[in-house]
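Just so you know, the sequences run in chain order A and B.
According to the working numbering, the first sequence is numbered sequentially starting from 22.
According to the working numbering, the second sequence is numbered sequentially starting from -16.
Read the hints as simulated data drawn from the structure, not as lab findings.
Ideal placement from N, C-alpha and C gives every residue a C-beta, glycine not left out.
Keep in mind that the hints are not guaranteed to be accurate.
[Unchecked claim] Where chain B lies over chain A, by a calculated footprint (3+ residues, C-beta under 8 Å):
| hint | segment |
| --- | --- |
| 1 | 249 to 263 |
| 2 | 269 to 279 |
[Said to hold, decoys possible] EDC-like, lysine to aspartate or glutamate: derived pairs with alpha carbons at most 16 Å apart:
| hint | chain 1 | residue 1 | chain 2 | residue 2 |
| --- | --- | --- | --- | --- |
| 3 | A | Lys327 | A | Glu247 |
| 4 | A | Lys393 | A | Glu320 |
| 5 | B | Lys186 | B | Asp81 |
| 6 | B | Lys135 | B | Asp234 |
| 7 | B | Lys57 | A | Glu247 |
| 8 | B | Lys57 | A | Asp227 |
The lines below spell out each chain.
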Amino acid sequence: MKPAVRTGNHYITGDVACAEGAIAAGCRFFGAYPITPATEVAEHMAERLPDVGGTFIQMEDEIAAMASILGAAWTGVKTMTATSGPGFSLMMENLGLGVCTETPCVIVNVQRTGPSTGLPTQTGQGDMMQARWGSHGDYELIAIAPSSPQDCFYHTILAFNLSEKYRVPVLVMADEIVGHMSEKVVIPDAREITLVSRPRPKGRKDRFRLYQPGPDGVAPMPAIGEGYNVHVTGLTHDERGYPVMTPEAQEEMMTRLKGKIRNNLDDIIRTEEYRMEDADIVIVSYGISVRTGLTAVDEARRLGYKVGLFRLITVWPFPEERIHAIAARVKGLITVEINLGQVHYEVERCAHGQAATYLVGDAGGKIIHPDKVVSLIQEVFQP
Amino acid sequence: MSANTQPGIDHQGAHPLDDLIRTDRIPHIWCPGCGTGTAFSSCLTAIKATGIPYNQFTMVSGIGCSGRAAGYIKIDSFHTTHGRAIPFASGIKMARPDLNVIVFSGDGDLFAIGGNHFIHAARRNMDMTVICVNNLIYGMTGGQVAATTPSKAKTTTTPFGNPDAPFNLPLMAYAAGASYVARWTILHVRDLTNAINEALLKKGFSFIEVLAPCPVNYGRRNKQKSLDTLRLYREKTIIRNGADPARADIDFGRGVILGTFIDRDRDTCDELYDATCRRNED
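Chain B on its own, in the form it takes in the complex (with noise of 0.2 Å):
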């Protein structure tokens, strides 16, 4: 065990979690409020309820608040550059199919920069688990407009409101040949926890956004306080399992949709490769 950090706080066994964590590295950078860590420790109890040890998983990260997460957990993790956690995961996991690949990153970095790389790996049915922390803002970089921004949110590059209307991610993932396909909150800790602990052990491409609430570079500028987002996640969501993937866009004044929209089977980019490429020499 690493040596205590904060002075005052014994941290000998203090969290069941410590196993899977540097604590060498905490405290974390997140600030307060902020959504990622609950995510983060949401996917690290998953990958404990697996059963399956720790050095058969490894975590890529992008860049980002929620990027910083490879950092903290104590297996083989990789963080990588901004938009490139996908194809850097993809190599990998075509060089060691056993390995179990996690990708934990953010909206902006998944979405805008490495929204290529997103839909060519569901396409594809790369067989990794793709978890990303949507808070709908860059929030490293003070708060700017990003791919998953509301429609006249104001952001530090949208004085004026975003003109532009945002992403439906389930419907990408979903359009593009993910097999599994979630969404929850970080207020819904245990269906977060269960549905990433489905994600890891289904085959294929498997993704889960995360809603979290960023109160410094969000909130402040909507008038949405820490506290009114997770108001907003427990009386303005709907659990809705199966449902229509194109009827999840983000709106509270609507209504948002969680729950598991796909849950499919289909072969993976490693096993077709094998398949289709491997001759046999019989």
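Same shape as in the complex, but just chain A (with noise of 0.2 Å):
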């Protein structure tokens, strides 16, 4: 077998740093579909994961796709897909099941410009919500944006962990520009990295509760053979995994299907800052938007203006207090990002009326130009 960590320095595009980072990961199972942007996605890992003992499997469709992650992951593997838009859209529904199982698995979204067809080979963040409450029903999940083919390549690494952690599925939610473009990425030596397995059941397995919570609200899970003998459902369900169709079933499903995630928030949020020491005015952005974010900051600081930048690494869950916090000591919140307003609102639903909240939206298919967020901070703010 090859050597699944290919250390060294690299240039690549994201989506091929996001199938390295799944394979150093220890994804072993990608279930596929091709489509514009993430297509490279799945082409790396189709001659990859032979190689490394792992299995590829181009589905008949998105829905299909989705499916085979799932049940992979039920025999002890880390699994991963990888798609766009359209193909998002058709994965809601087994992401929901997953959710509901507990099922870990990372989802890559490389996001082009929607609604529909829109522009497949254009960028766009216009999947944001649709990542937060794309699949019906109440639930939580965790979101990871990366900027970089560098970032690409650890987000997916962090997706896997999280996923794994908190039997969750993880959504790695890159772009068209991040996707495609190539930069230097290190990939750094084995044993650098960091991997986490989910936990597992110890004990007797005729006594064994299939969702009984550990300590952080997580339940270890078996694999498929092992002789726990579980049952698997998308219906409401007890601690065995038996469907109850009670109102009280569901009550105590979702404490834990939202618990092991609202209760280890600060486990699992990742932000950074840039400039926001003496910043009263402060750019929000993640994903491919940072980068816009960042040089308007270099940009306005040269004008006058104390900018600083937060960065959302994981975007949902979001981080709420800190937004709450930042929003009480500044002037304003922009919010930079590659639609007209989806995570602007949550940023205004969080800053609560103690700063001006601000969008600077694209309709799609280009970056945002940092003068657009600078022309705003001129015209709505002294230096």
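From these two lone chains plus the hints, build me the complex, please.
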């Protein structure tokens, strides 16, 4: 077998870096369906997986791709799929099954512009609310937004680690620019990469309860064939995994599903700050638009404005308390994202009227020019 | 052994299939006169008859009355989303080719919403056994027209009769590439059990169509009581192993062919993946 971790300096695209990150994280099953601009993730996995003892299968559609990674995950392997807008829509139903059955898996969405077929080859960040709420019902999951090919490598590993730790599908919300651009990607020695695996059951198999949570709220997960005789269902179920059709069972299950995320926010949420120390104007951004924000900060600082950047690495769960605290000490929050207002409304909600909130958005198809952010700052603030 | 759920009935060792049943989930949801339970117990008997340890099997179901089977079998079992049992099961099979994977579901699930997955799994010769309980109707939602409902039959969504033609399931399975294709009814319990046993031991994509009555949601609207349906199964069926699946249309007026239509050998999806994609480094 070939080495799973390709230690060294590479010049690769974000899509390929996602694939390399997945393999380094221990992903050994990929359920694929081609779609621009995510196809290269699948192409790279098709080539790499057989050589590291993994399995690649191109399914008949994205519904099947998503279903296949859930099934494979229950054999004990780490699994992934990658898609974009229309395929992401098709994955929504089984994403909900993954949440409900607490099945760890990673879904990469290399976002393009919608609605519908939209601009298939051009960038967008319009799937952020779909990532949060796209499957029916009420639930929590984790979404991470890489800003560079290097991020794609590390964030895919992070996605697997969080997915395994919390038994929840994790979304890597990249975009066409990050997915298709080539940059330097440093892949460290395998020993320097921290890997997390799902909690495993111990003790008597006949007394095992499939969804009995451990101290962190996450239940140990057996694999098919180990003799635990699990029943896994998308129906509302009790701790045994058995369907129970009552509001009480629903409440108990939802408390567990939401609680394992909501009670571990400090461990899950990742953010970064740039020139925030004395900032009274804060740009909030994620993914490719962070790069717009970084340039805008420097440019506005040059013009005498005290501007900083608050970067969301994990967009979901949303860093509500952090945004609330920042809003209490600044004049304004400017959300930069390639849509016409999605995360912006979350920032507005969490600012809770303490600071003015603005959106620098775009209908999609291009990265937002930093000048657009600087112009807004000059228009509404005094240096 | 789990606790009794029905007062007055002693479940302790009451049935030879109890070791394969989640007895703590009994009573089941299936209506009086439904054929799913018979197909289910045939499946359990066939599993037992293979002599293979139970933990080397897994069952995947979709949504619907038959889809509840996965909730009653005491092995690792999965009740998934509507129509998606086969791709879920394909993920299991390709990640763990040593497991014996059974898909147990209904005609609405497998052939309307899930039809695309069925033909692709057959095309790839995905090594699994697909058991379709065909009751000609969407039972759980109250009797709507299915892709298997006979022309002219009355359902809640075809109140004037079904204007469409049904699928011939054995023909579709054969045309798509299945290795093993059989059809029985729930009246032919021994033949059905033997067929499922053969299918479980058969390498490749095996498909068994099980004709089963739905007196509540199909029979009631089509002047067919439970025993009328069973009488049709006895009097209007023709057992013909090796028959041309093109002649397998369900027409009780003309006679419905039962038996093993197809039993052929070809390499499976996981074997072909290993042979084609895993390069030898030597």
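Outcome of the hint check:
Only when three residues or more bring their CB closer than 8 Å to a CB of chain B does the claim for the segment 249 to 263 of chain A stand; here the count is 9, and the claim holds. Counting residues of the segment 269 to 279 of chain A whose C-beta lies closer than 8 Å to any C-beta of chain B gives 0; at least three are required, and the coverage claim is violated. Taking the CA atoms of Lys327/A and Glu247/A, the gap is about 59 Å. The hint is violated against a cut of 16 Å. Among the hinted pairs, Lys393/A with Glu320/A is consistent with the structure: their alpha-carbon atoms are about 11 Å apart, no more than 16 Å.
Taking the CA atoms of Lys186/B and Asp81/B, the gap is near 11 Å; set against the 16 Å cutoff, the hint holds. In summary, the hint linking Lys135/B to Asp234/B is supported, as the alpha carbons are separated by about 12 Å, within the 16 Å threshold. Note on Lys57/B and Glu247/A: the hinted pairing holds, with a Cα-Cα distance of about 13 Å set against a maximum of 16 Å. Restraint check: the Cα-Cα separation between Lys57/B and Asp227/A comes to about 12 Å, which is no more than 16 Å; the hinted pair holds.
In summary, the numbered hints that this structure violates are 2 and 3.
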